[in-house]
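Using the sequences plus the hints, can you model the full thing?
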Amino acid sequence: VAKQLWHFNLEGFERLPAEGPAILAPNHISFLDSAFLMLHVPRNISFVGKAEYMDSWKTKYFFPMMGMIPIDRGGGEKSQAALDTAERVLRRGELFGIFPEGTRSRDGYLYKGRTGAARLALKVGCPIFPVGVIGTREIQPPDAKLPKLRKECTIRIGRPINVARYASRGMQEHLLLRQITDELMFEIRELTGQEYRNVYAGKTAETEPTVAAKVATVSDADARELTSAGAGD
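Number 266 marks the last residue of the sequence shown (the working numbering); no jumps.
If you are wondering where the hints come from, they were derived from the structure by calculation, not from laboratory data. This structure is a prediction, so every number in the text was calculated from the model and none was measured. Glycine included, each C-beta is placed from N, C-alpha and C at the ideal position. Where hints are given, some of them may not hold.
No farther apart than 35 Å at their CA atoms in a straight line, the calculated lysine-lysine pairs in the DSBU-like style are these [to be verified]:
no., residue 1, residue 2
1, 36, 184
2, 36, 181
3, 178, 36
Pairwise CB distance ranges (calculated) [to be verified]:
no., residue 1, residue 2, range
4, 187, 76, 18 to 24 Å
5, 183, 118, 35 to 41 Å
6, 205, 68, 36 to 42 Å
Now the structure itself:
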């Protein structure tokens with residue numbers, strides 16, 4: 034039905050493996066991002082989503098049916114249970130989706146990535162595919178209750194990031210995770226053309242509004258566990 038309501042441009046989908054584990058890491062600009070990606074990828078994708086979706090009658094059945102793994106962004110045992118589930122999904126040879134920005138961009142900028150996707154990829158030994166989603170913000174902007182019809186959406190799958198080439202460098206873990214994540218955000222920016230802001234989404238202070246560099250940068254927050262990443266609003 035969705036394919037009749039909106040016009041979709043799909044690029045790079047031939048890069049996705051027909052089998053085996055992989056992480057899909059898209060930018061996050063709309064409530065519809067994960068649903069549209071799931072709609073067009075021929076394999077099932079399990080996506081992390083905030084646990085609050087399970088409290089709404091509008092989404093509590095829809096998202097689990099689509100393969101959402103609810104995560105409590107407050108951390109603790111509930112968050113860890115979701116992360117363990119994500120790892121099991123990958124070890125079964127399936128696809129797993131995570132938003133590296135951790136939440137929706139409410140202004141359309143691309144924000145600094147959290148290191149959860151890199152951590153999972155290193156642990157399981159699977160590639161990360163950067164994904165660029167364009168147009169969903171115009172279809173359903175933040176706080177809009179209903180999507181606009183007959184709009185255009187483009188989804189681009191980028192070249193896979195092979196984390197194994199990083200693992201052999203003998204770097205400290207937090208540096209390793211940061212470097213992989215910075216490359217991921219650089220590739221997403223190349224796919225979407227978004228302006229990059231080197232600060233986590235939701236933070237008030239902004240630093241270095243430049244394109245994500247492939248050179249590693251370090252901050253105290255960079256070594257966080259996956260519990261703070263990927264559960265899009």
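- Would the pair residue 36 and residue 184 pass a check requiring their Cα atoms to be no farther apart than 35 Å? Distance ~11 Å between residue 36 and residue 184 Cα, so the pair holds.
- Query: Hey, residue 36 versus residue 181, does the alpha-carbon distance stay inside 35 Å?
  - Reply: Holds, at roughly 14 Å.
- Message: Range first: 18 to 24 Å. Now tell me if the beta carbons of residue 187 and residue 76 are that far apart.
- Response: Since residue 187 and residue 76 have Cβ atoms about 20 Å apart, the given range 18 to 24 Å holds.
- Message: For a C-alpha distance cap of 35 Å, please report whether residue 178 and residue 36 respect it.
- Response: holds, 20 Å
- Cβ distance range 36 to 42 Å for residue 205 and residue 68, holds or violated: The hint (36 to 42 Å, Cβ to Cβ) holds, given that residue 205 and residue 68 are roughly 38 Å apart.
- Task: Indicate whether the distance between the beta carbons of residue 183 and residue 118 respects the range 35 to 41 Å.
- Result: holds, 37 Å
Hint check: no violations occur; every hint is consistent with the structure.
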